[in-house]
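Mind docking chain B on chain A? Use the hints.
So the sequences go chain by chain: A and B. Residue 1 is where the first sequence starts when you use this note's numbering, and the numbers rise one by one after that. Residue 482 is where the second sequence starts when you use this note's numbering, and the numbers rise one by one after that.
Please note that the accuracy of each hint is not assured.
Said to hold, decoys possible - Just the calculated beta-carbon pair ranges, DEER-fashion:
#	chain 1	residue 1	chain 2	residue 2	range
1	A	Ile-203	B	Arg-747	22 to 32 Å
2	B	Trp-881	A	Leu-459	48 to 58 Å
3	B	Leu-937	A	Ala-472	31 to 41 Å
4	A	Pro-385	B	Ala-876	49 to 59 Å
5	B	Ala-902	A	Ile-203	32 to 42 Å
6	A	Asp-186	B	Ile-490	37 to 47 Å
7	A	Gly-433	B	Leu-937	55 to 65 Å
8	B	Ser-940	A	Arg-270	37 to 47 Å
9	A	Ala-278	B	Gly-884	20 to 30 Å
10	A	Ala-7	B	Ile-603	51 to 61 Å
11	A	Ile-417	B	Arg-747	58 to 68 Å
12	B	Ala-876	A	Arg-225	30 to 40 Å
Don't read these hints as lab results, they were simulated from the structure. Using N, Cα and C, we set each Cβ at its ideal position, and we do this for glycine too.
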Amino acid sequence: MLMAALAAPLARAALVALSARIAWLRDSMNILGAAAQAIAAGGLVSALVAGAPARLDLAQPMPGIGISFVTEPVGVVIAAALALMGALNAVHAVFFQRLQGAQASARLFAFSALAAAMTAGVAYSANLFTLFICYQGLILASAPLIAHGGDAAARRATRVHITTLLGCSIGLLLPAIVWTYALSGDVEFRVGGILPADISPIIASALLALNVFGLAAAALPPFHRWLALSAATPHAAFIVVAVLTVAPAGVLGVLRTTLYVFGDAMAQARVAAVVILAIAGGAMCLAALNALGKSDLRERLAYGVISQNGAGLAAIMAAAPPGYFSAILQTIAQSFAATTLAMAFATVAAATGRTAAQDMAGVGRAMPWVFAAMTVAALSFIGLPPLVGAWPRLWVVTALAEENLRWAGALIAIGSIATFAYLAPLVARGLVGEAPSDPFVRPDGVDARLIAPLVACALATASLLFVVDPLARLLAPSWGG
Amino acid sequence: MIGAWLGAIAPMIVLAAPVCAAAAAMLITPFRVAWIVSSALAALTAAAALYVTPGPAPFGLAVDAVTVIALPVLAVAGCVCMIAGGHLARADGEPGAASAALALGHLSWFGWLGAAFASDMIVALAFVVIGWMGLSALAALGAHANRAALTSALRHLVWCALASLALAIGAALFFNATGSVDGAALSLAASSATARTLMLACALLLIGLAALAGVAPLNGWAAPFYGAGGRMAGLLQASVGAFGALVLLGRVAASLEAFGEDALARAFAVGLAGLGAISVITGSIQAIGARDARRLCAHAGAAQAGMILIAFATGGTGGFAAGLFHMAAASACMLGVLGGVSVLDARAPMEGLVGFGRRAPLAGAALAVGALGLMAAPLTLSFLTRWRLIESALAAQWWWAAGAIIIGSLAAVGYGGRLLAPLYLSRGGESDRPAWRVSIAPLHIVAIAAGIGLGLNASALWRAAERGGAVLGMTP
Numbered sequence: 001m002l003m004a005a006l007a008a009p010l011a012r013a014a015l016v017a018l019s020a021r022i023a024w025l026r027d028s029m030n031i032l033g034a035a036a037q038a039i040a041a042g043g044l045v046s047a048l049v050a051g052a053p054a055r056l057d058l059a060q061p062m063p064g065i066g067i068s069f070v071t072e073p074v075g076v077v078i079a080a081a082l083a084l085m086g087a088l089n090a091v092h093a094v095f096f097q098r099l100q101g102a103q104a105s106a107r108l109f110a111f112s113a114l115a116a117a118m119t120a121g122v123a124y125s126a127n128l129f130t131l132f133i134c135y136q137g138l139i140l141a142s143a144p145l146i147a148h149g150g151d152a153a154a155r156r157a158t159r160v161h162i163t164t165l166l167g168c169s170i171g172l173l174l175p176a177i178v179w180t181y182a183l184s185g186d187v188e189f190r191v192g193g194i195l196p197a198d199i200s201p202i203i204a205s206a207l208l209a210l211n212v213f214g215l216a217a218a219a220l221p222p223f224h225r226w227l228a229l230s231a232a233t234p235h236a237a238f239i240v241v242a243v244l245t246v247a248p249a250g251v252l253g254v255l256r257t258t259l260y261v262f263g264d265a266m267a268q269a270r271v272a273a274v275v276i277l278a279i280a281g282g283a284m285c286l287a288a289l290n291a292l293g294k295s296d297l298r299e300r301l302a303y304g305v306i307s308q309n310g311a312g313l314a315a316i317m318a319a320a321p322p323g324y325f326s327a328i329l330q331t332i333a334q335s336f337a338a339t340t341l342a343m344a345f346a347t348v349a350a351a352t353g354r355t356a357a358q359d360m361a362g363v364g365r366a367m368p369w370v371f372a373a374m375t376v377a378a379l380s381f382i383g384l385p386p387l388v389g390a391w392p393r394l395w396v397v398t399a400l401a402e403e404n405l406r407w408a409g410a411l412i413a414i415g416s417i418a419t420f421a422y423l424a425p426l427v428a429r430g431l432v433g434e435a436p437s438d439p440f441v442r443p444d445g446v447d448a449r450l451i452a453p454l455v456a457c458a459l460a461t462a463s464l465l466f467v468v469d470p471l472a473r474l475l476a477p478s479w480g481g
Numbered sequence: 482m483i484g485a486w487l488g489a490i491a492p493m494i495v496l497a498a499p500v501c502a503a504a505a506a507m508l509i510t511p512f513r514v515a516w517i518v519s520s521a522l523a524a525l526t527a528a529a530a531l532y533v534t535p536g537p538a539p540f541g542l543a544v545d546a547v548t549v550i551a552l553p554v555l556a557v558a559g560c561v562c563m564i565a566g567g568h569l570a571r572a573d574g575e576p577g578a579a580s581a582a583l584a585l586g587h588l589s590w591f592g593w594l595g596a597a598f599a600s601d602m603i604v605a606l607a608f609v610v611i612g613w614m615g616l617s618a619l620a621a622l623g624a625h626a627n628r629a630a631l632t633s634a635l636r637h638l639v640w641c642a643l644a645s646l647a648l649a650i651g652a653a654l655f656f657n658a659t660g661s662v663d664g665a666a667l668s669l670a671a672s673s674a675t676a677r678t679l680m681l682a683c684a685l686l687l688i689g690l691a692a693l694a695g696v697a698p699l700n701g702w703a704a705p706f707y708g709a710g711g712r713m714a715g716l717l718q719a720s721v722g723a724f725g726a727l728v729l730l731g732r733v734a735a736s737l738e739a740f741g742e743d744a745l746a747r748a749f750a751v752g753l754a755g756l757g758a759i760s761v762i763t764g765s766i767q768a769i770g771a772r773d774a775r776r777l778c779a780h781a782g783a784a785q786a787g788m789i790l791i792a793f794a795t796g797g798t799g800g801f802a803a804g805l806f807h808m809a810a811a812s813a814c815m816l817g818v819l820g821g822v823s824v825l826d827a828r829a830p831m832e833g834l835v836g837f838g839r840r841a842p843l844a845g846a847a848l849a850v851g852a853l854g855l856m857a858a859p860l861t862l863s864f865l866t867r868w869r870l871i872e873s874a875l876a877a878q879w880w881w882a883a884g885a886i887i888i889g890s891l892a893a894v895g896y897g898g899r900l901l902a903p904l905y906l907s908r909g910g911e912s913d914r915p916a917w918r919v920s921i922a923p924l925h926i927v928a929i930a931a932g933i934g935l936g937l938n939a940s941a942l943w944r945a946a947e948r949g950g951a952v953l954g955m956t957p
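Just chain A, with the same shape it has in the complex (with noise of 0.2 Å):
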């Protein structure tokens, strides 16, 4: 199973590479390999629930250090969340595609298959070897996804993303993998960490901060730059990247690295910890603010996901198991509502041709459904209760107030706040502002088969909320619980 999730998109990638002249078989194969990837990925959890963890080696490079990749909770729930919203995002990129007649399909497809491969195997990786390998295979996957627009906007992000992506990993994360394979002769993931625990505050402070802006995906300030300009990308583009691969690997890569390979060295790399903490928590605050003044939805969305990825790292650096469960929560929580809200916005803009967010007044009259599923993720993604992004916050700042870090918990309230403003009045007057006079790019509206995985994605991120508590069950274990 554990080689199906991995193979799964690979397979995806490569059949809708070859088919790429016959439309309708490179959909259906795009279609095809991205269901078969949320089904191998569903099924790695519930073997994982029924207490069957896989592993899987596939070559051993050098003595001690293996290209491995094992099923534990935090990688294997956070996999399966991504595959799913990848599926529904599969289906509605092939139709918006047709929709826009839009050139390249078959490169988009098959590049976004290829990111979500190595996204999966940042969450599968067994060790930091696999993990830094995956992650570069995502850095050079995800390039040609920036680069898909083919204009001066694009080739400057795709500049900017590969220069920061690569140069991060290779300056600040490799020498932090072999410092850490030097100092524990390990790179193994391992519950409770490989560091030894006594290791000396310093070196492990300069560990974190190594790894964590080593990771830049993750998008934490000063090296976030390159989410916020992958907004100049098509939207079925931008959906993959933001939302379902490199933004997600970043902050999955940081919880992974922090659990697994500081674990009760945290309390060593204080001091970090806390700086970083203060930096994503200002991020959070920073980065919806700017989303407030930002007409283009995308670029909204895009600061959007930097202030929430901010949230989620500022419960990994809280350093307790509240923390770590609401980094796990928020990264899910977000996945599902910013795919929603990705995706509404990609389908506004086909129907509409509309992507600022002062047009958007009166939409949702003509288009009921978007707007509704838009309306859920929105208020997911704002934080409110009962939604799923409710429980998130509530975590972080617990674990924050148990921490004696209580500036920190107001800077999460102050981020969600400003997320408000950002996205409620946004559907508010798309619901109940007055009817648009000017004629929509498609006076029909759109096909429905480009609602209906909007539609699922929405009732996902609403039903999230059922399994917070057996997910909290699962996951337990991963810090010791």
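What follows is chain B alone, placed relative to chain A:
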């Protein structure tokens, strides 16, 4: 029993076959037959190199663990260069001089192979001179098609002659101080000899070898030589000559360990690492600005050599093993990039790479693997070797040296990316004719196999490097 017999005669074959191949190239006509015979002998040399085991070698030479790892790298890289050389010699040189070019290539290869066997400095010097003189002459043969080749050959000749002079004076000083030209005798001599004389000797030896290896800023000859000195000469220098010199440099650096805790020795090691760091940074900056793929390789080679110097300077088994390990990877990268662009015409401007991956799939793949290797992308051999280099610098607590290696790796993303980006991401190009030469295919295949195949499993290579590192690191 057969294995032991093969092990016993393998050194003899490794040394004799290239000389026979050179003779065959000169004596046999037509050229195509000479090329086939010399290629067969080159393949025999490479195969024999894999069977060389530690022990005595002919002509008073010796085989140790360093030879065992260096020899297969030099032999396999040289072999594919020689097979490709038949086509390249004909294309680049005077029509009637192809046989001479092939013979010179084999002789140069013989020189660098012999240097890997050298047990003392005088023998090493003799082999090294054969190696670089062969290359100078080979580059000069390209003057028929390109006058710049003559200038580049002259420049190479002058620089290498000065380097050899430094080597000769260094060896003489060494003999004067220790009464021996064998580096291993240093431990016995350390107490009685004047440390400063030995230091001067070692400094001259290192400077000479660094110049031959193309370490910046002692590589004034390198960019013109790679750019205009002919494809075969560039290939041989990059994948064989540079690393033959670096193996010897490793041996000299190892002999410095004899001084133990001596402050001068430590200062010398820091100086060596400093030279390495300068080479990494200078080479990287120049490579980023290069407008020609072959010149880019000259600068990138300096950056790679600088990293090896840093590893040697950190010393110990780990440092020397990391240096030897990286040598194999760097050689594979150079084979890939220069081998890839060798299907282009004599000059290889960066614009010529646009759509190259589509026009020449195999050469494009070799070039891509080489460029990815320079960038130390995961799943390439270079990624593993870069890992070991950083590890050795961290183990020695030389943070700045680790920083230099990381800066070099970051810069490599820039210049490696410049090679890689036009290959597949751009369509078209100046010439749409497919570029395919059967004789160069083995070179491409070896470059791809070494870059990616060993990237998936380099355990055996690493163990060999560790054994070599143990020999160097423990040199008393």
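Out of the numbered hints, which ones does the structure contradict?
When the structure is compared with the hints, none of them turns out to be violated.
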